[in-house]
Amino acid sequence: DVQMTQSPSNLAASPGESVSINCKASKSISKYLAWYQQKPGKANKLLIYSGSTLQSGTPSRFSGSGSGTDFTLTIRNLEPEDFGLYYCQQHNEYPYTFGAGTKLELK
Amino acid sequence: EVQLQESGPGLVKPSQSLSLTCSVTGYSITSNYWGWIRKFPGNKMEWMGYISYSGSTSYNPSLKSRISITRDTSKNQFFLQLNSVTTEDTATYYCARSRIIRGTGYYFDYWGQGVMVTVSS
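Residue numbers (the numbering used here), protein chains in the order written: chain A, 1 to 107; chain B, 108 to 228.
Read the hints as simulated data drawn from the structure, not as lab findings. Heads up, some of the hints might be wrong.
20 Å max Cα-Cα, derived EDC-like pairs, lysine to aspartate or glutamate [stated by the list, open to error]: (1) Lys42(A) / Glu108(B); (2) Lys31(A) / Glu93(A); (3) Lys24(A) / Asp1(A); (4) Lys39(A) / Asp216(B); (5) Lys24(A) / Glu153(B); (6) Lys45(A) / Asp216(B); (7) Lys103(A) / Glu153(B); (8) Lys151(B) / Glu105(A); (9) Lys103(A) / Glu81(A); (10) Lys107(A) / Glu79(A); (11) Lys45(A) / Asp1(A); (12) Lys39(A) / Glu81(A); (13) Lys171(B) / Glu93(A); (14) Lys171(B) / Glu153(B); (15) Lys42(A) / Glu79(A); (16) Lys42(A) / Glu153(B); (17) Lys39(A) / Glu79(A); (18) Lys103(A) / Glu17(A); (19) Lys27(A) / Asp216(B); (20) Lys39(A) / Glu105(A); (21) Lys31(A) / Glu79(A); (22) Lys27(A) / Glu79(A); (23) Lys151(B) / Asp1(A); (24) Lys45(A) / Glu108(B); (25) Lys31(A) / Asp70(A); (26) Lys151(B) / Glu195(B); (27) Lys27(A) / Glu81(A); (28) Lys182(B) / Glu108(B); (29) Lys31(A) / Asp216(B); (30) Lys171(B) / Asp1(A); (31) Lys151(B) / Glu93(A); (32) Lys42(A) / Glu195(B); (33) Lys107(A) / Glu81(A); (34) Lys39(A) / Glu153(B); (35) Lys45(A) / Glu153(B); (36) Lys107(A) / Asp70(A); (37) Lys27(A) / Asp1(A); (38) Lys24(A) / Glu81(A); (39) Lys120(B) / Glu195(B); (40) Lys39(A) / Asp82(A).
Computed from a prediction, not measured in an experiment: that's the story for all the values here.
Okay, chain B solo, but in the shape it has when bound (with noise of 0.2 Å):
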């Protein structure tokens, strides 16, 4: 079974990286897409970008110049790391196994549990 869980620190102090890790089990990262997305206090969710099998990555666009995901396949891992965080990154942060109809885009067919990110000083 495919199992997925996130690590990393709780609380990020603002201007600072929020690093966060997703630990994959039951299926190898060298397939398919994986995925980070977050919940926002009040629902809110945003995709915010996947790594693929091959290494290659795309981010959304509202994330673009903060963001990055990397991986490491020999602990069949993968990383977000977001740059220069607010108070508004404060958000609960999923990863996910992103599938794909070719010609179309991603959702999300297992995901983490979730860890709760808070941004304050």
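Excised from the complex, chain A in its bound form (with noise of 0.2 Å):
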């Protein structure tokens, strides 16, 4: 199985900043990344997929970067809903497997 590793594990912000989270695979996934955000009580939110094309209705403050090994996500001015947990997930191969998450707390 292909394991990913995401950084940090905890990130402490505040709203107008930028942060970065990434995500490490244990061999080239091509481009085929996707990363989701975990809010309690909400349903889990799709993100970016392949590397870096933004789903429908994610706004344009969110990107992503990366092919092969190492990928990226970056929020700039951050507001006050991006808090909570954010996940990549390696769509290249079966079976499907996820990083351990970063959570995006409130400085």
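Two independent chains are provided; combine them into the complex using the hints.
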């Protein structure tokens, strides 16, 4: 299975700041990485797939980059609703595997 | 709008079977792929498997001998059965619509809110 290593585990930031979350695959997954946001009591939200393609409805302050084994999710000008748990997931090969999550908290 | 809702018992005894239902509104399960994903205490996420628009299935090898995903197209529902559960199956279980890019794998564009299942005697 492709192992996904996500960092940092925790991140504290203030509204208006920019943050980056990293995801490293144990082997090349081409560009096929998705990012999700998870918040208590809400359905998980797909933000980005194929590394950099914004899902319909994802604000433009979110961006994804990377290919091969190294990927980054960047959130610019943090809004209060951006705080929560973020996961990466490789969708290149079976079985589909997730990172361990990054908790983005309000500083 | 596509909406998914999980339902089922919140407590299952060890060695028994865990059975969950995902009810889908706003989209037919005879299109696309429909899967189950779980999140363990401590936040680890695991893709469990899917059922396709045609009824074919694919499962995570780690679960292959214990898992079954089926569907009822007349009710627009699909189901998860996990046999011989242990305390290590305690998790929040999510159903999700799975999308594929030809030649690669699946990501998940619509999710239910999840149902917590505890395995305990």
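Here is how each hint holds up against the structure:
1. Lys42(A) / Glu108(B): holds (15 Å)
2. Lys31(A) / Glu93(A): holds (12 Å)
3. Lys24(A) / Asp1(A): Holds, because 14 Å separates the two Cα atoms, which is no more than 20 Å.
4. Lys39(A) / Asp216(B): Holds, at roughly 15 Å.
5. Lys24(A) / Glu153(B): Roughly 17 Å separates the two Cα atoms, so the pair holds.
6. Lys45(A) / Asp216(B): Holds, at roughly 7 Å.
7. Lys103(A) / Glu153(B): Judged against 20 Å, a Cα distance of about 18 Å means the pair holds.
8. Lys151(B) / Glu105(A): holds (19 Å)
9. Lys103(A) / Glu81(A): With Cα atoms ~13 Å apart, Lys103(A) and Glu81(A) stay inside 20 Å; holds.
10. Lys107(A) / Glu79(A): holds (13 Å)
11. Lys45(A) / Asp1(A): Not OK: Lys45(A) and Asp1(A) at ~24 Å, beyond 20 Å, violated.
12. Lys39(A) / Glu81(A): Holds. Lys39(A) to Glu81(A) sits at ~9 Å (cutoff 20 Å).
13. Lys171(B) / Glu93(A): Holds, because 17 Å separates the two Cα atoms, which is no more than 20 Å.
14. Lys171(B) / Glu153(B): The given pair, whose Cα atoms are some 13 Å apart, holds under the 20 Å limit.
15. Lys42(A) / Glu79(A): holds (17 Å)
16. Lys42(A) / Glu153(B): Measuring from Cα to Cα gives roughly 19 Å; hence the hint holds.
17. Lys39(A) / Glu79(A): holds (14 Å)
18. Lys103(A) / Glu17(A): holds (16 Å)
19. Lys27(A) / Asp216(B): Violated, because 24 Å separates the two Cα atoms, which is more than 20 Å.
20. Lys39(A) / Glu105(A): Satisfied, since the Cα-Cα distance of roughly 12 Å is no more than 20 Å.
21. Lys31(A) / Glu79(A): Distance ~27 Å between Lys31(A) and Glu79(A) Cα, so the pair is violated.
22. Lys27(A) / Glu79(A): violated (34 Å)
23. Lys151(B) / Asp1(A): holds (15 Å)
24. Lys45(A) / Glu108(B): Holds, because 14 Å separates the two Cα atoms, which is no more than 20 Å.
25. Lys31(A) / Asp70(A): This hinted pair holds, its Cα atoms lying about 9 Å apart.
26. Lys151(B) / Glu195(B): holds (12 Å)
27. Lys27(A) / Glu81(A): violated (33 Å)
28. Lys182(B) / Glu108(B): holds (17 Å)
29. Lys31(A) / Asp216(B): holds (17 Å)
30. Lys171(B) / Asp1(A): Answer holds: Lys171(B) to Asp1(A) is near 15 Å, not above 20 Å.
31. Lys151(B) / Glu93(A): holds (19 Å)
32. Lys42(A) / Glu195(B): Not satisfied, since the Cα-Cα distance of roughly 25 Å exceeds 20 Å.
33. Lys107(A) / Glu81(A): Satisfied, since the Cα-Cα distance of roughly 14 Å is no more than 20 Å.
34. Lys39(A) / Glu153(B): Since the Cα atoms of Lys39(A) and Glu153(B) sit roughly 18 Å apart, the hinted pair holds (cutoff 20 Å).
35. Lys45(A) / Glu153(B): holds (16 Å)
36. Lys107(A) / Asp70(A): violated (27 Å)
37. Lys27(A) / Asp1(A): At roughly 9 Å apart (the allowed maximum being 20 Å), Asp1(A) and Lys27(A) satisfy the hint.
38. Lys24(A) / Glu81(A): Roughly 26 Å separates the two Cα atoms, so the pair is violated.
39. Lys120(B) / Glu195(B): holds (12 Å)
40. Lys39(A) / Asp82(A): Holds. Lys39(A) to Asp82(A) sits at ~9 Å (cutoff 20 Å).
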